[in-house]
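Those protein sequences? They're chains A and B, same order as listed.
If you use the numbering used here, the first sequence closes out at 137, no skipped numbers anywhere.
If you use the numbering used here, the second sequence closes out at 117, no skipped numbers anywhere.
These are computed hints drawn from the structure, not numbers from a lab.
The beta carbon of each residue, even a glycine, is placed where N, CA and C say it ideally should be.
Careful: at least some of the hints might be erroneous.
Computed list of chain B residues with no C-beta within reach of chain A, every gap over 12 angstroms [claimed, not checked]:
#1 Gln16
#2 His74
#3 Ala93
No farther apart than 25 angstroms at their CA atoms in a straight line, the calculated lysine-lysine pairs in the PhoX-like style are these [as the list claims (entries may be wrong)]:
#4 B:Lys7 / B:Lys56
#5 B:Lys104 / B:Lys7
#6 A:Lys81 / B:Lys104
#7 B:Lys58 / A:Lys81
#8 B:Lys56 / B:Lys70
#9 B:Lys7 / B:Lys70
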Amino acid sequence: KAGVTQTPRYLIKTRGQQVTLSCSPISGHRSVSWYQQTPGQGLQFLFEYFSETQRNKGNFPGRFSGRQFSNSRSEMNVSTLELGDSALYLCASRFSGSTDTQYFGPGTRLTVL
Amino acid sequence: DQQVKQNSPSLSVQEGRISILNCDYTNSMFDYFLWYKKYPAEGPTFLISISSIKDKNEDGRFTVFLNKSAKHLSLHIVPSQPGDSAVYFCAAGSGYTGTASKLTFGTGTRLQVTL
């Protein structure tokens, strides 16, 4: 079974631009979560989508948004990029059962210049 | 406000010895805990988890201990192997049997297993 895939793997943008990241979950998984990893901050939860609805949200500004499609694929969008948005963005999927084990993709490394 | 803390940013252990990675948490609502391992350029890989109804969970060379009164958990790796060299993240969540999946992660501990 294929793992979680994320595209693109690397991205360079300039301040003020916007960016869209994509995540394809493991087949059969209906929940997709997004995390931001920065040095010194660890992984910080952005939001979770389940059945095309945002089910949970972290403490990030409204510039960070996401959506999920009917095939469970998810996209994350960051508008008006700031230098501090440079990070590794990780997507995780899980089967929506009672287990909360999340399986992570390799991440998208975003650099904002 | 760091609700999950890994106070040791790095740890070096000799091959064959025990590695002990520690994690403290402050939120009493957390009722399940997980450890992930992360290699460079890869996403975190799930290692082992424990719910708050247990104080120990074992899986091969990996054992997680939970001390609820101290709000402390630890991951023991015995024996340590060079392939265990990675960054280890402790994570916590609440609502184990529910649908919430928001995990709060620590900042990670870099483990280096030397020959």
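Exercise. Could you check the structure against the hints above and give me the numbers of any it violates, in ascending order?
Key: 3, 7
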